[in-house]
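Enquirer: Make a model of the complete structure from these sequences and hints.
Protein chains: 2
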Amino acid sequence: MDLDFEKMGGLVPAIIQDCASGRVLMAGFMNQEAFRKTVETGFATFFSRSRNKLWTKGESSGHRLVVKEISTDCDQDAVLVRVEALGPGVCHNGYHSCFYRSLKDGLWVEAEERAFDPAAVYGGKS
Amino acid sequence: MDLDFEKMGGLVPAIIQDCASGRVLMAGFMNQEAFRKTVETGFATFFSRSRNKLWTKGESSGHRLVVKEISTDCDQDAVLVRVEALGPGVCHNGYHSCFYRSLKDGLWVEAEERAFDPAAVYGGKS
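Line by line, the protein sequences give chains A and B. Numbering-wise, this note's numbering comes out as the position in the first sequence, counting from 1, plus 1106. Numbering-wise, this note's numbering comes out as the position in the second sequence, counting from 1, plus 1106.
Don't take every hint at face value.
All copies of an identical chain are treated as equivalent in the list; a pair is satisfied when it fits inside any one copy or across any two copies.
Claimed, not checked - Calculated lysine to aspartate or glutamate pairs in the EDC-like style (CA-CA distance at most 16 angstroms, straight line):
#1 K1174 x D1211
#2 K1159 x D1211
#3 K1113 x E1218
#4 K1174 x E1190
For the record, the hints were derived by calculation from the structure and aren't laboratory data. Predicted model, so just to flag it, every value in this text is computed and none were measured.
Expert: Okay, structure coming up:
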């Protein structure tokens, strides 16, 4: 289960992909503890760089990410977590995927509609 | 086209997804110049942390990644690049995807077969 956490000061990028639709839902970072917790609990858990602590996706919203498969890349310095995403969307802005904006003629434009009202779910907090 | 490069010392994680199969093929990092070059040339270009320079995927192997769509996430600190992948695979170890190992009972095990002979393509260099 070894991963190379040293390259990025204790973290590896963690890519979350919906196992049903194949959509990439979000990207975060895991430290060794977040990775172990993800494996042990079966719910995707990250290390928040801004809050400097572990964070299980869905703690506030209930929109948890149920782990179905975990893969690593050739250098063992990134993980891909295929999940079943509970709830209408993973993004705290109310979208199904955090990657809801695409580049069109040099501008980021919304490529999908909101899936839920973030204020109702997060109570105005991001 | 602004991205938040500051959070990670000038870099953003870049996730490469096959636009036909939906498979996540690799993960790398882009600095501002790599991102601009990716947009301008239409070929995915990264910043190599180990070699400290720009690197267009496929330079040695010919296995270039033709950009079809670029998305960013809610925090604008990661990019998702959907591509047409030229050649049999993107991984320098000879696999279709760099994420060719999955976690089974605490061990990373190969979840797919080699797609090409890496020594024939890379001449023994990684």
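Enquirer: What label fits K1174 with D1211 when the C-alpha limit is 16 angstroms: within, between, both, or neither?
Expert: between (37 angstroms within a copy, 13 angstroms between copies)
Enquirer: Tell me, please, which holds for K1159 and D1211 at an alpha-carbon limit of 16 angstroms: within, between, both or neither?
Expert: So K1159 and D1211 fail the 16 angstroms test inside a copy (38 angstroms) and across (27 angstroms) alike.
Enquirer: Since the copies are identical, ignore which copy is meant and state whether K1174 and E1190 lie within 16 angstroms (CA to CA) inside a copy, between copies, both or neither.
Expert: within (7 angstroms within a copy, 26 angstroms between copies)
Enquirer: As a check of your reading, is K1113 near E1218 (CA-CA no more than 16 angstroms) within one copy, between copies, both or neither?
Expert: neither (35 angstroms within a copy, 26 angstroms between copies)
Hints 2, 3 from the earlier list are contradicted by this structure; the remaining hints agree with it.
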